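If you want the building blocks of each chain, they are given just below.
There are 2 protein chains.
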Amino acid sequence: MDNFTEIIGFTAAILTTAAFLPQVYKTWKSKDVSGLSMPMLIMFFIGITGWLIYGILIHSPSMIFANAITVVSSFLLIYFKNKYGKK
Amino acid sequence: MDNFTEIIGFTAAILTTAAFLPQVYKTWKSKDVSGLSMPMLIMFFIGITGWLIYGILIHSPSMIFANAITVVSSFLLIYFKNKYGKK
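Here the protein sequences line up with chains A and B, keeping their order.
Add 5 to a position in the first sequence, counting from 1, and you land on the number used in this note's numbering.
Add 5 to a position in the second sequence, counting from 1, and you land on the number used in this note's numbering.
Some hints here could point you the wrong way.
Copies of the same chain look alike in the list, so a pair counts if it works inside one copy or between any two.
Cross-link-like lysine-lysine pairs, in silico, BS3-like; alpha carbons within 25 angstroms at most [stated by the list, open to error]: (1) Lys86 - Lys31; (2) Lys34 - Lys86; (3) Lys91 - Lys31; (4) Lys34 - Lys88; (5) Lys91 - Lys34; (6) Lys88 - Lys36.
Since the hints were made in silico from the structure, they are not lab data.
Note that the structure is predicted; figures quoted are calculated from it, not measured.
Chain A with its partners taken away, still in its complex shape:
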């Protein structure tokens, strides 16, 4: 993996992660989880965990970085859905 490839990877990582975090923040502040579906969130969480394992297997720093953050944030969405969805 050369430097150019990792620069592309980290640019992608920062952009897609930064686009996802406001959703987590918005859900946390508004406590509005009506638009989120639990099966979808769990599917997404398992999928991102898969990408994280994939990133580790191919030794990709940018994939490990991006998916580690997204695993945590998608877990938070599951937690919010479970907490606020029961009212």
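Knowing the structure of chain A, use the given hints to seat chain B on it.
Relative to chain A, chain B alone:
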């Protein structure tokens, strides 16, 4: 890249892509784009394009597969936002 790695990758690809498509479908049917922010969509689109290029550079079939689909679907969200957001 061995078979086991690509099985993990394709599992991840199918799960994250499948979790994203209902959002595109919901937006298309409801024409409700109020929850979508254009700068965020554009950031996400450029980010996914970056992951697609990254997947090509590292010769990862599962990353190319997943991100090619997501590039198209995030472009559709930008198109819907532009079309329905102007009413």
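Query raised in the report: Are there hints from earlier that the structure breaks, and if so, what are their numbers?
Result: The structure breaks none of the hints.
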